[in-house]
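So this note's numbering is basically just the index in the sequence shown, starting at one, shifted up by 326.
Just so you know, these hints were derived from the structure itself, not from any lab.
Warning: the hint list may mix true and false statements.
Below, in silico cross-link-like pairs of lysine-lysine (BS3-like), each with a Cα-Cα straight-line distance of 27 Å or less [unchecked claim]:
(1) K606 <-> K687
(2) K607 <-> K632
(3) K351 <-> K507
(4) K632 <-> K606
(5) K607 <-> K773
(6) K687 <-> K762
(7) K471 <-> K507
(8) K774 <-> K514
(9) K607 <-> K514
(10) K471 <-> K399
(11) K471 <-> K351
(12) K762 <-> K773
(13) K687 <-> K607
(14) K774 <-> K762
(15) K599 <-> K632
(16) K396 <-> K629
(17) K514 <-> K687
(18) K396 <-> K471
(19) K606 <-> K762
(20) K606 <-> K629
(21) K514 <-> K773
(22) K514 <-> K351
(23) K471 <-> K398
(24) K398 <-> K599
(25) K687 <-> K399
(26) K599 <-> K687
(27) K607 <-> K762
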Amino acid sequence: MLFNSLQFLLFFPVVTILYFLLPQKFRWAHLLLASCVFYAAFIPVYILILFFTIIIDYIAGIMIENSEGKRKKNYLIISIIANVGVLAVFKYYNFFTANINDLLHSIDITTRTVPYLDIILPIGLSFHTFQAMSYTIEVYRGNQKAERHFGIYSLYVMFYPQLVAGPIERPQNLLHQFTEKHPFDSQKLLDGLRLMLWGLFKKVVIADRVALYVSTVYEFPAHYHYLNLILATLFFSIQIYCDFSGYSDMAIGAAKAMGFDLMTNFNRPYFSKNIQEFWKKWHISLSTWFRDYLYISLGGNRKGIKRMYVNVAIVFLVSGFWHGANWTYIIWGAIHALLIVIFMLYTFNRNATKTLPPLRKMIAVVSTFLLVTFAWIFFRADSVQNAILICRNIVTGYNTVPFQLALRSVTGAIKFPQSASVISVVMIALMFMVEKRLAPDLATLNKKPYADIVFCGAILSMIVLFGVFNSNSFIYFQF
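Whenever a hint applies, use it, and build me the whole structure from the sequences.
Here is the structure:
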């Protein structure tokens, strides 16, 4: 079920109202049932995959807590293998199969090929898999008691606001909230609705509008000149941020309306002054997951400088592969690994936290944004060949198409009216102004009730006037 659908417009108030009307002892069951309905709205049969991993991890958590030594570790390994195994089959099997078959063809072995699986990737598989893995790892480390209530544990994995695209929660933050009483709180309800409204604005007014341009250009990049490619790439940077952070805002807001606190997933990443700061502010729940469970497990910075750089590179390569079974995502991860290592080398024995003068700070922010935008080319392109084509044409295309001619056709060539371009740019500027001045959860407005009314009224008006209501899925659902 999409947050930007009519279904959800009916689903959310019904679920929230019933939650507060029901006695405390029935609330977990109500939320679990609602979460099942929410997930089944996509592909109902895939809820069985969720149940499979939930049962294994629930049992594994108890067995880990009741065991010692090697046996304890073995139960953790079984849990990890089960979760990674599901990912491997549904998300990566056909990728590896394609590469193996290409290798066989390259050495003239065409009589034998590995068969493909005709399956669809379950929505949000990587997200709820990682959330489930964080539970068993934390139980193994002794930071979390094993949950004995099967329904509560199931709800931890399936909680509908963040089930399909995060934030990827930790058991220490979320599990206990399902057994706590959340009385109706009008302020939390208003905070949640405001954040949901803001997330919807970012999705339907900005992300889905610029997506019309991005999709057209990136589908056939060879048909468009360098200014089209530059604008489409810049638009995609905005699209993916507004699409994903918009989802996170709506997820956090939907949970907050019922009294639940989810972690902040974005903290104005495009205002970052360097690539390391960007990754502290972008998809925070995933970045910290890889830090805590992969980077530290590999040794972190405890085994020397060279090993630290290797560990950083591994984390970003795995992060790229986590995003998708395509070489473009791996290259995207490799680009960020290279940028992070270069930054770390540059700042080694330097004071990287010193305050920059305004002009240098602006240059640093713009430079970081452009580097991130360059990497997004590989993230968005459907093949490595197309990504390279886009990069080459951006750099050399001015030799084949005069600038004045390219400028005149930058929107008209793809039937993207200039009015749509103006609306997009104005809405993007407004979004950045709001995020620059207000806290990520917009709680600053709690102290300014009149400004809050004006803000919410204006945002709602712009959603109605400029929203693109074609029920576009969220980008990160495919991961």
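Hint check against the structure, violated hint numbers in rising order:
17, 24, 25
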